[in-house]
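Enquirer: First to last, the protein sequences are chains A and B. No gaps in the numbering here: position 54 of the first sequence is 54 in the working numbering, and each next residue is one more. If you want the working numbering, it's the 1-based position in the second sequence plus 243.
Incorrect hints may have been included.
Pairs of lysine-lysine, BS3-like flavour, derived with a Cα cap of 30 Å [claimed, not checked]:
1) B/LYS452 with A/LYS243
2) B/LYS486 with A/LYS228
3) B/LYS452 with A/LYS44
4) B/LYS363 with B/LYS486
5) A/LYS243 with B/LYS450
6) A/LYS22 with B/LYS377
7) A/LYS134 with B/LYS245
8) B/LYS363 with A/LYS135
9) B/LYS363 with A/LYS131
10) A/LYS209 with B/LYS471
11) B/LYS486 with A/LYS131
12) A/LYS207 with B/LYS371
13) B/LYS371 with A/LYS120
14) A/LYS120 with B/LYS420
15) B/LYS378 with A/LYS120
16) A/LYS134 with B/LYS248
17) B/LYS378 with A/LYS209
18) A/LYS120 with B/LYS486
19) A/LYS243 with B/LYS471
20) B/LYS420 with A/LYS228
21) A/LYS135 with B/LYS486
22) B/LYS363 with A/LYS128
23) B/LYS486 with A/LYS207
24) A/LYS134 with B/LYS378
25) A/LYS209 with B/LYS257
Some chain B residues flagged as far from chain A (calculated, every beta-carbon gap over 10 Å) [said to hold, decoys possible]:
26) GLU278
27) LYS319
28) GLN346
29) SER460
Because the hints were derived from the structure by calculation, they are not lab data. Beta carbons: idealized from backbone N, C-alpha and C, even for Gly.
There are 2 protein chains.
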Amino acid sequence: MKENKYDNSVFFKKYSEMPRSKYGLSAAGEWEVLERVLPQLKDKSILDLGCGYGWHCKYAANKGASKIVGVDISTKMLELANLKNSAWNISYSCMAMEDIEFQEESFDIVFSSLAIHYIKDFDFLVRKIYKILKKGGSFIFSVEHPVFTAHGSQNWIFNEDGEINHFPVDNYYYEGKRETNFLGEVVTKYHRTLTTYLSVLLSNNFKIKNVVEPMPSEDLLNSVPGMKDELRRPMMLIISVEK
Amino acid sequence: MKENKYDNSVFFKKYSEMPRSKYGLSAAGEWEVLERVLPQLKDKSILDLGCGYGWHCKYAANKGASKIVGVDISTKMLELANLKNSAWNISYSCMAMEDIEFQEESFDIVFSSLAIHYIKDFDFLVRKIYKILKKGGSFIFSVEHPVFTAHGSQNWIFNEDGEINHFPVDNYYYEGKRETNFLGEVVTKYHRTLTTYLSVLLSNNFKIKNVVEPMPSEDLLNSVPGMKDELRRPMMLIISVEK
């Protein structure tokens with residue numbers, strides 16, 4: 001089943017209060033690294049899978065992309081995207097990313113930010129993406145890191161004084177569903193090993209260009225309380241590949 | 244400083260009693276996966292960095308490799324290698340792997356099994372390896388997984404009943420020295436993030452062919468007590484790249 005948690009009003013309200021929802025890319029800890037691995041966007045056709053508020057679509061429009069399609073399963077997300085991040089060459093489309101149907105070789109770039117860990121069948125998605133990408137085109141995505149998704153709690157282990165002791169890893173090779181708490185709600189995510197992420201891409205003939213576990217920027221480390229703890233565990237994984 | 248722990252008699256004795264020392268490749272949990280990512284060895288020239296007992300060198304000789312050079316920092320290791328795993332086309336050489344000096348483009352394959360986590364400067368080593376590899380040549384290596392080296396203890400967190408609770412990750416982005424207990428002795432290893440392993444290879448113009456976190460084979464899972472716990476954490480990382 002394709003979960004559409006973001007159309008749940010309570011969840012959506014909480015999500016809308018996160019810094020990255022209110023302030024966009026600059027408030028996202030991984031943006032500095034993600035921006036660095038993006039190819040040139042000028043005159044490129046771009047598909048954003050799980051576009052949410054459309055911050056990345058708008059960024060691409062500002063960088064001179066020729067055509068941008070943002071896809072998201074949540075109508076609430078896309079209402080906000082249309083309101084906050086519209087442009088003449090951005091079109092937002094409401095569907096699950098597994099259901100996309102586009103002509104072969106119709107995009108220069110397929111992009112996805114922190115959405116693919118909601119997808120059950122990564123191989124199915126990658127085969128679709130490969131088909132709709134032009135030769136030499138790029139697929140760039142961020143997901144929650146396998147270290148972050150393995151255990152399921154997505155929470156630190158604390159000591160008796162309430163201080164962080166370490167981050168737990170467990171059931172690493174048992175891939176699949178994890179019911180985890182995000183913004184006070186139970187959300188279903190899918191844990192995959194790093195091996196699976198990379199070997200599915202390689203076996204679908206993608207060439208690996210970058211694999212980066214982003215650290216928060218110097219700015220965020222200095223300005224956001226507790227951000228330094230993010231140097232103790234990898235939380236996200238950014239992968240860019242080329243067809 | 245290049246540590247040469249294996250020439251310490253007490254440590255070496257304990258190492259010699261490990262299943263992989265006594266019985267060779269078939270007793271190494273990762274061998275099944277490692278063998279699968281190896282290129283054809285027939286008529287190839289091969290350099291094995293940190294060759295230890297020489298099990299992989301002998302394997303390559305049996306597979307028809309034309310020339311095999313095994314390098315190790317420990318004279319004790321190489322004594323055993325000469326005794327157990329010699330062949331007319333294998334030569335063993337005692338030196339630290341950072342100190343290798345070979346002609347440019349003189350090897351088809353550079354290989355290293357569970358030794359590179361003892362090396363401080365990975366980038367320096369990779370540049371050397373790139374130079375001595377022929378065009379189209381392969382570099383294949385296994386190391387302890389960054390998840391396994393980050394915290395430093397390399398041990399599970401147990402509950403009050405002495406059962407495994409989970410595996411700890413900490414200080415992931417703080418790379419460098421870890422003093423860890425191996426066979427009852429303090430051994431110095433170097434923690435590196437996955438990002439560093441892969442980005443150093445990519446920035447040195449290697450093409451990534453395989454990235455695999457090996458699971459123990461079905462046989463070992465069924466026959467060795469406790470081996471199933473190794474499905475709860477990734478312990479090793481195997482990477483193969485091409486020049």
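Enquirer: For every hint, state whether the structure bears it out.
Expert: Verification of the hints:
1. B/LYS452 with A/LYS243: holds (15 Å)
2. B/LYS486 with A/LYS228: violated (37 Å)
3. B/LYS452 with A/LYS44: holds (28 Å)
4. B/LYS363 with B/LYS486: Holds, at roughly 23 Å.
5. A/LYS243 with B/LYS450: Given that 30 Å is the threshold and the Cα spacing comes to 14 Å, the pair holds.
6. A/LYS22 with B/LYS377: violated (53 Å)
7. A/LYS134 with B/LYS245: violated (48 Å)
8. B/LYS363 with A/LYS135: violated (39 Å)
9. B/LYS363 with A/LYS131: Roughly 42 Å separates the two Cα atoms, so the pair is violated.
10. A/LYS209 with B/LYS471: violated (34 Å)
11. B/LYS486 with A/LYS131: holds (28 Å)
12. A/LYS207 with B/LYS371: holds (24 Å)
13. B/LYS371 with A/LYS120: violated (42 Å)
14. A/LYS120 with B/LYS420: violated (38 Å)
15. B/LYS378 with A/LYS120: The given pair, whose Cα atoms are some 39 Å apart, is violated under the 30 Å limit.
16. A/LYS134 with B/LYS248: violated (52 Å)
17. B/LYS378 with A/LYS209: With a Cα-Cα distance of about 19 Å, the restraint between B/LYS378 and A/LYS209 holds, given a limit of 30 Å.
18. A/LYS120 with B/LYS486: violated (35 Å)
19. A/LYS243 with B/LYS471: violated (37 Å)
20. B/LYS420 with A/LYS228: Judged against 30 Å, a Cα distance of about 20 Å means the pair holds.
21. A/LYS135 with B/LYS486: Within the cut-off at roughly 22 Å; holds.
22. B/LYS363 with A/LYS128: violated (42 Å)
23. B/LYS486 with A/LYS207: OK: B/LYS486 and A/LYS207 at ~14 Å, within 30 Å.
24. A/LYS134 with B/LYS378: holds (28 Å)
25. A/LYS209 with B/LYS257: violated (42 Å)
26. GLU278: About 16 Å separates B/GLU278 from the closest Cβ of chain A, which puts it past 10 Å; holds.
27. LYS319: holds (34 Å)
28. GLN346: At roughly 30 Å from the nearest Cβ of chain A, B/GLN346 sits farther out than 10 Å, so the non-interface label holds.
29. SER460: The assertion about B/SER460 holds, with a minimum of 13 Å to chain A.
The structure is inconsistent with the numbered hints 2, 6, 7, 8, 9, 10, 13, 14, 15, 16, 18, 19, 22 and 25, although it conforms to all the rest.
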